[in-house]
Amino acid sequence: MLYFSKIKIITVFLITLAFVYLSFSNLFKFDDNFLKNKINLGLDLQGGSYLLLEIDNQPIISQTLQNKLIELKKSFNENSLKVKNFSISNNTIMFESDNLSIDQVEKILLDKESELNPYFEKFKTHQFVVENNANFFSMYLSDYGVVLLNSSSLDQAVEIVRRRVDETGTNEPNILKRGNNRILVELPGLDDPARIKSLLGKTANLTFQFVSNNEKDSFGTEILKFDNDLEEAIVSKRIILNGDNLIDAKPRMDTQNNETIVSFTLDRVGSKKFGKATSENVGKQLAIILDGKIISAPSIREPILGGSGQISGNFTFQSATDLALLLRSGALPAPMNIIEERSVGPDLGKDSIKAGIISLIVGFCLVVIFMIYKYKIFGLIANFALITNLLLLIGLLTLFGATLTLPGIAGIILTVGMAVDANVLIFERIKEETRKENNKILAFDSGYVKSRTAIIDANITTLIAAAILFLMGSGPVKGFSVTLGIGIITTLFSVYFIARLFTSIYVRANKDKGNLL
Amino acid sequence: MKTIEFNRYYKKFGYLSLILIFISLSLLIFKGLNYGVDFKGGTLIEIRIQNSDHSVSKVRDVFSDSNLPNLTVKNFGNDTDYIIKFQKQNLDNPEYINDLKNEVLKSFPDINFRRVENVGPKVSSELLKSGIIAISLSLAAMLFYIWIRFEWQFSLGAILALFHDVILTLGVFSLLSLEINLSIVAAVLTIVGYSMNDTVVIYDRIRDNLKKYADVNIFELSNQSINETLSRTILTSVTTLLALLSIFFLGGEILRGFSLAMILGVIVGTYSSIYIANPTLVRLNVSHDTVVKKEEEKN
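Protein chains in written order, with this note's numbering: chain A, 1 to 517; chain B, 1001 to 1299.
Quick caveat, the hints were computed from the structure, so don't treat them as lab data. Be careful, since some hints might not be right.
Below 30 Å or equal to it, Euclidean Cα-Cα: the simulated DSBU-like pairs (lysine-lysine) are [as the list claims (entries may be wrong)]:
1. K350(A) - K1212(B)
2. K1002(B) - K374(A)
3. K1088(B) - K202(A)
4. K1002(B) - K225(A)
5. K1074(B) - K354(A)
6. K1101(B) - K450(A)
7. K1129(B) - K511(A)
8. K1129(B) - K513(A)
9. K1074(B) - K350(A)
10. K1211(B) - K177(A)
11. K431(A) - K1088(B)
12. K293(A) - K1074(B)
13. K1106(B) - K202(A)
14. K293(A) - K1058(B)
15. K431(A) - K1212(B)
16. K450(A) - K1129(B)
17. K376(A) - K1058(B)
18. K354(A) - K1101(B)
19. K436(A) - K1002(B)
20. K1211(B) - K202(A)
21. K436(A) - K1212(B)
22. K1002(B) - K350(A)
23. K1212(B) - K450(A)
24. K1106(B) - K350(A)
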């Protein structure tokens, strides 16, 4: 029936009022702490940068396999098993046992309690898959082993990325894991991410290794380039100290040479190691290596015992500051690549907001005028429902703290255009019903009832499209699906509660007049 | 009210639709779509140059100096705004955009970099894949929903109409070489929703009428249903188009492709509800029994 109980009217009124309050709270600052939620502007509207980083886990996988290989060799030795021809290729460890020990080798590899499988205790599954063809064995990381390795490196990387971004003093950065090897970094207000990009692009693996003049070093040697890519040096593979032992690093001005340097402080273990190594090797050159490149290789003039030192290397103040920052925040577990980057300047954002709001107002006015032209007084009711619909929509977005993007604004405008559909369906149905039914109230009532399935089906289909977009879309497009989807819900509310309420009041008051619609 | 005989033209418009679909498919196959950086990978830079002496060719010359593969430079809305696109395969160097900016700054000291988008090949192929999945998924979901709510014949008619709309819209984008980016995928999904919405309203009426009149055939009935819902169809299309035109003309360059796709979609969607979705029901000989049998089964 076209009838509303008092309680229903009051409830509808209160709900509407609450959302109207919420939507206006975005425009004016209300001096209360009742609700602090606000609609967030997306990066495309407020300006800012979006970076998607991918971790390259191959080095970690190789390292894990190397370590496993050493472990295997040791274990086979201890058990006096004859195993030979160890090799690693395609992320697989391969070896051969002699024919007599096949069973025993297999047993050791699969034994749940063997020290080779410390993994099993914790996760109840093997880290490696073991396969053998007669005496040829191959081992590779199990799916679960890979997942675990990825997720632990992702966790570490997120932490390091957060520290680095925080250190640059960026406002409210948003750092999120994506999938199993990606990190999303959103930097509102920062439209030139060059510095952050160069900071995040570095693994910052710092090591101190001696320059080895004779190539015969018990640990082996490697040839490394200097930072300027011009010179090279032969360096011992023995790592004296790495970045893990660093507790602080700062850029400083060396007043003697008038040169910018980075000074660092080591922890207790680091100080001891560094003290010992420098005392025993006075006169030798110590290479300071960052991500496989030598920054500088000063000669040790005297033992460094205090646990602090300095790095020089033709730094500008900026590059010294960045190096200090990288050293303070620690090394990434694996190198990262930036695979997607989007940045929007603040004035494009402002232009977009302006264009969005103008087209919203114009679109809204056109629809409103058209509805009044078509339906007169009922057009007015539909328009009133449309306005509350908009306010409800904005209110709900506020309540959820949703992010408004440019396509999101387009979604709101589209909602304005499509929202009147339900009222049009109802009004057209009522027109038909009034031709058959003289009782105005009955005609209006059946108009509402008979149009209901069409309205619900029609809106659910749009809702399905919005939901799929929400699940599959990213960034600004997701914002569109949010406003479109919420818009459908507020549309149904405004049509069935607000417009119907006013229609019922009007029809009851004028039930004896001629053609209402 | 005067009744328009839509059903007299079912055949003619059926052929027209077939021809249009054929043209669109040929365009899509032979000409292809103009994918933006979202789906092709590469770099897009939007710039504004206020005061210095500039023109498309001068901007192109300046950027050409940096040796960028597949460089295109276009005006973007305003005289002062340009879109620069290129394919840079080597993304390893995080500094290269910065270096490029500094290089360009020498020629245009008052340049303003409004937008930079840089999508790697891996991400772009994933985005393309997820876009295609999203559209297929939405079509499947619609098919399923209509199948539950109506009969399979209705579901088939609706889905044919949707394919028609999506293919034609993409065909126009191919014909005009308009850029396909993420927001176009959003537009296509919305078109799917809108076209479905429109079809459902007519279908709902056909179902009502089928239940009411056991002796009228579907050919007449579909026409009657179209006419009964016609004023609603026109009104809703008009208000939606008003909103979309407002976005198209006033919403800025970024939303132009999106709103154009939607405008096309609304027009094509409205047409297909009448001339694809309905003739399908006629073809499939949907009758009073089709609808009523199911009701009885339920009881």
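Quiz prompt | Violating hint indices (sorted, rising) | solution = 1, 4, 6, 7, 8, 10, 11, 12, 14, 16, 17, 20 and 22
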